[in-house]
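With the hints as extra help, turn the sequences into a complete structure.
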Amino acid sequence: MSSFAIILTIVGYLLLLLLISYRSGRRDDNNSFFIANRATSWYMATFAMIGAAMSGVTFISVPGSVATDSFSYLQMVVGFTIGQFIVAFVLIPLFYRRGVVSLYQYLEQRFGITTHLTGAWCFLVAKVVAASLKVYIVCAVMQLLLFDGIGVPFFVNVLSTMLIVWLYTRWGGVKSLIPTDSLQSLCLVAAVVISIYWLCSAMGWSLGEAYDQVTASSYSRIWFFDDPNSARYFWKMVAGGALCLVAMTGLDQDMMQRNMSCRSVREAQVNIVLTALCQIVVIALFLVLGVLLYLYIDFAQMSLPDSGDKVFALVATQGGLPLIVGVVFIAGLISSTFSSAGSALTSLTTSFTLDIMPQSVQRDESALRRLRERVHIVMALIMVVTILLFEVINNDGVINLIFRIAGYTYGPILGLFVFGMATKRRVNERFVPIISIVAPLLSYALQWTLARYCDYHIGFELLGYNALFVIFGLAIVSRKAK
5 MSSFAIILTI VGYLLLLLLI SYRSGRRDDN NSFFIANRAT SWYMATFAMI GAAMSGVTFI
65 SVPGSVATDS FSYLQMVVGF TIGQFIVAFV LIPLFYRRGV VSLYQYLEQR FGITTHLTGA
125 WCFLVAKVVA ASLKVYIVCA VMQLLLFDGI GVPFFVNVLS TMLIVWLYTR WGGVKSLIPT
185 DSLQSLCLVA AVVISIYWLC SAMGWSLGEA YDQVTASSYS RIWFFDDPNS ARYFWKMVAG
245 GALCLVAMTG LDQDMMQRNM SCRSVREAQV NIVLTALCQI VVIALFLVLG VLLYLYIDFA
305 QMSLPDSGDK VFALVATQGG LPLIVGVVFI AGLISSTFSS AGSALTSLTT SFTLDIMPQS
365 VQRDESALRR LRERVHIVMA LIMVVTILLF EVINNDGVIN LIFRIAGYTY GPILGLFVFG
425 MATKRRVNER FVPIISIVAP LLSYALQWTL ARYCDYHIGF ELLGYNALFV IFGLAIVSRK
485 AK
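Under the working numbering, the residue at position 386 of the sequence shown is numbered 390, and the numbers go up by one with no gaps.
For the record, the hints were derived by calculation from the structure and aren't laboratory data. Beta carbons: idealized from backbone N, C-alpha and C, even for Gly. Do not take every clue at face value.
[Said to hold, decoys possible] Just the calculated beta-carbon pair ranges, DEER-fashion:
(1) Glu433 x Ile397: 27 to 37 angstroms
(2) Gln217 x Leu308: 11 to 21 angstroms
(3) Trp239 x Pro97: 24 to 34 angstroms
(4) Phe159 x Pro309: 23 to 33 angstroms
Below, the structure is given as structure tokens:
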């Protein structure tokens, strides 16, 4: 695939993205930026959430992961589905009843301002690191595919990416995210379906023959019940999936802003349930695509790349397939990037404005708008700096470590919300920040100790242990409510 075709695809997509964003958000106000005036229909929110749930990392990594993990990721999806029902029927009614705009306002209503700030800071640190890492990985792929060849430095690549993200979110925030995420969902699904079709066509298979080849492959194993010590053990992945979904979607300002933009509790619940069903189908398609990519590499006698993350890019752009496959790959890649980066930037702006600066809610509309716009710029710059730091580090081990550390910060959030909803006890707030710092450290120590001395590998369920440490800590410093 030539550089000219890549540039043309990127420019065409970005023009369409900016046009949709401008038209949907040109008459925005603060309420539309934060929750889209709670006027989003459930079907638009559902379609938008398909793209919102998929990042560039998902788009690149899930197909490449089948060589080492087979279809075990579907076990996580079982947990995701359970978690979606918890979000729909426990958290959504709570947040609508409380009338919160930022989720962490609930913590202030339940405990006080210190707990509110603790939850908000946990979210901000996690989201800045995780979102910046996702954008970094995709920028690195685009640098390899295009920008190195035309002499564009990496920092220009990053600045231009974040400038576009800032532009299309500043016009309307969540109100702009809904239609632009719908476009991105369309690009993602089209990229997977078209790639599967042309891979089957290139190998001379009908869809039925492709199904037989995939199911007969060693890559297609789904269920892992044999080794409880393995991180891929069924019950551990299901529990981890449910916990991750509740914490990283249900208690994540980024993901919940779309759900909270629906017109009523019932529409928000319908949106979440349908999103869960769509998620099963889309992730299954990504895994099927992964098997077909590896089978095609054997068929075409191509050399395997040194990383599974590069498999999709290699086959799509250099595998001898029709140009349309490379075009939809580039469109899907950049759409997933802008979707995750745009929603992260909007949620960071919302949380900092309403949580870290709670006095902002007392400002008039114009003053709040000016503050929100300044915070929006600052958050974009923070993400740029963080992405460039990843490039300086340039060490996959360190980057993966930072990403895992970002995941630890959701444990305190989960623990705070569970303790608040499950009990009526009051806590001594001055200990809450200390507990939220100590709990992830204890979780890491537990994970290391069990792996070192018991050969037991904690996987995604580590989030649950993290939350339990927080709950135990809060119980110690709590008292009965009067």
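Please check whether Phe159 and Pro309 have a Cβ separation lying inside 23 to 33 angstroms. 26 angstroms, holds
Do the beta carbons of Gln217 and Leu308 sit within 11 to 21 angstroms of each other? With a Cβ separation near 18 angstroms, Gln217 and Leu308 satisfy 11 to 21 angstroms, so the hint holds.
I want to verify a distance hint. Is the separation of the beta carbons of Trp239 and Pro97 within 24 to 34 angstroms? 29 angstroms, holds
Has the hinted range 27 to 37 angstroms been met by the Cβ atoms of Glu433 and Ile397? Given about 36 angstroms between the Cβ atoms, the range holds.
When held up to the earlier numbered hints, the structure conflicts with none and fits them all.
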